[in-house]
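A.B. asks: Sequence positions in the sequence shown follow mature numbering (1 follows the signal peptide of the UniProt record, and there is no 0) and run -23 to -1, 1 to 371.
Check each hint, because a few of them may be wrong.
To be verified - With a Cα cut of at most 20 angstroms, we get these calculated EDC-like pairs of lysine to aspartate or glutamate:
(1) 295 with 104
(2) 265 with 228
(3) 287 with 248
(4) 295 with 248
(5) 265 with 330
(6) 295 with 330
(7) 265 with 104
(8) 295 with 267
(9) 287 with 228
Note that these hints are calculated values from the structure, not bench results.
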Amino acid sequence: MKKSLTFRILLPSIFFTFYSVSAQVGIGTTTPRGALDINNPTTFNMPLVLPVNVSVNNMINPQGGAVVPGSLMYDSTLDCIRLYRQNVGNGSPGWSTCIGAGESTPTSVASINCNNPTNTGNVVVNEAVSPGVTFTINYTGGNGSSYPQEVVNSTGIEGLTATRIAGNFNNGNGTVTYTITGTATSTGTAIFPITIGGISCNVSRSVILPPPVPAPTIIANCSGFLLPYRTNNTTAVGTVSGLPVTSTFNEFVNIGTLGSNVDCGIATFAENTFWLGGGNNVSSMSIKFDRPVSNLKVFQTASISTTNSKETFFYTLKRNGVDVTPTSPITRVYSGSCIPGQFNIFQNRVRCDSTTQAGVVYSVGGVWFDEVVISAIASIGNGSIFNFCIGNTY
């Protein structure tokens, strides 16, 4: 044990002598000429070895936050030294291109614009980022070469990752797109340190609170994604507010489909029709969405019934599996040529009080939700035909 301990104590002195004088540090000298002096004297034959990494995006500040301007590293991918600068030419800090006396800079593009990215979707605090949330960077002077995948973590606000898939630069100008994933831990500005074609910069992205739910549109047509009919445990993909939405249909109980129909001037289309209720059956179905939605516009028509069945349909709204149904989530939009009393709305349910053909359009919302459950209680009625249109998302 004594021999091992002696070895550990003496080993550092074999390689260098360290001095600290008045907050100055000297290696190999007792008279440091600056805050750090490793030049002892001109015959000193041991180089300074910088930290080495395959990407500047892997470099961190051990105290947290962004890397400090003035930091140096050796980029093994580009085979050069790079400096973290206060301004890399676009007004924001970032890593320089390769530095070296008289050497050319091995970049694949002439410039990148990180101050004006094209953003798609929203990053909302404490919510998993929805699919399709991206930022796109413009570049000039591409040389047609390939570029690798890049994955960078956010700074400033933690919990986010931006990923660029591998691809090829244009010969000339073009764009590169990054997809954001993860969950932001606070509101504010997340910083993504990216490198495109050998040029580095920081891209800023706001993290916001959930946006307010828009008021329902009081028009009798679908201005979003009209869901197609699907069987149980299948999906449909569409676009709402420029964002992709995947709808998953499941938990079908006595659900069917019918042909196109027009009642009271309200049309439902065969390729979009779900049939619920009828007879003494209990009907129910669930539609789940891969991002928050609201203002689900419903086009409902009822076939002829000889009696007033009072067939009733219930709506339950959920978010992350939790019931978030407000007291009155349903807003009547349009009754066509039918009198409003043929369909009556009570809080989260719609009741058919007609003995003839009837139709109504209404919006279900008031909150953001990612699942809607529609159910019908047993009745002597003939059931109703439904078309569903997603109105809003973020």
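A.B. asks: Look at each hint and say if it fits the structure.
C.D. replies: Each hint, compared with the structure:
1. 295 with 104: holds (15 angstroms)
2. 265 with 228: Since the Cα atoms of residue 265 and residue 228 sit roughly 10 angstroms apart, the hinted pair holds (cutoff 20 angstroms).
3. 287 with 248: violated (27 angstroms)
4. 295 with 248: Not satisfied, since the Cα-Cα distance of roughly 26 angstroms exceeds 20 angstroms.
5. 265 with 330: This hinted pair is violated, its Cα atoms lying about 29 angstroms apart.
6. 295 with 330: violated (28 angstroms)
7. 265 with 104: OK: residue 265 and residue 104 at ~17 angstroms, within 20 angstroms.
8. 295 with 267: holds (12 angstroms)
9. 287 with 228: violated (24 angstroms)
In this structure, the hints that do not hold are numbers 3, 4, 5, 6 and 9, in rising order.
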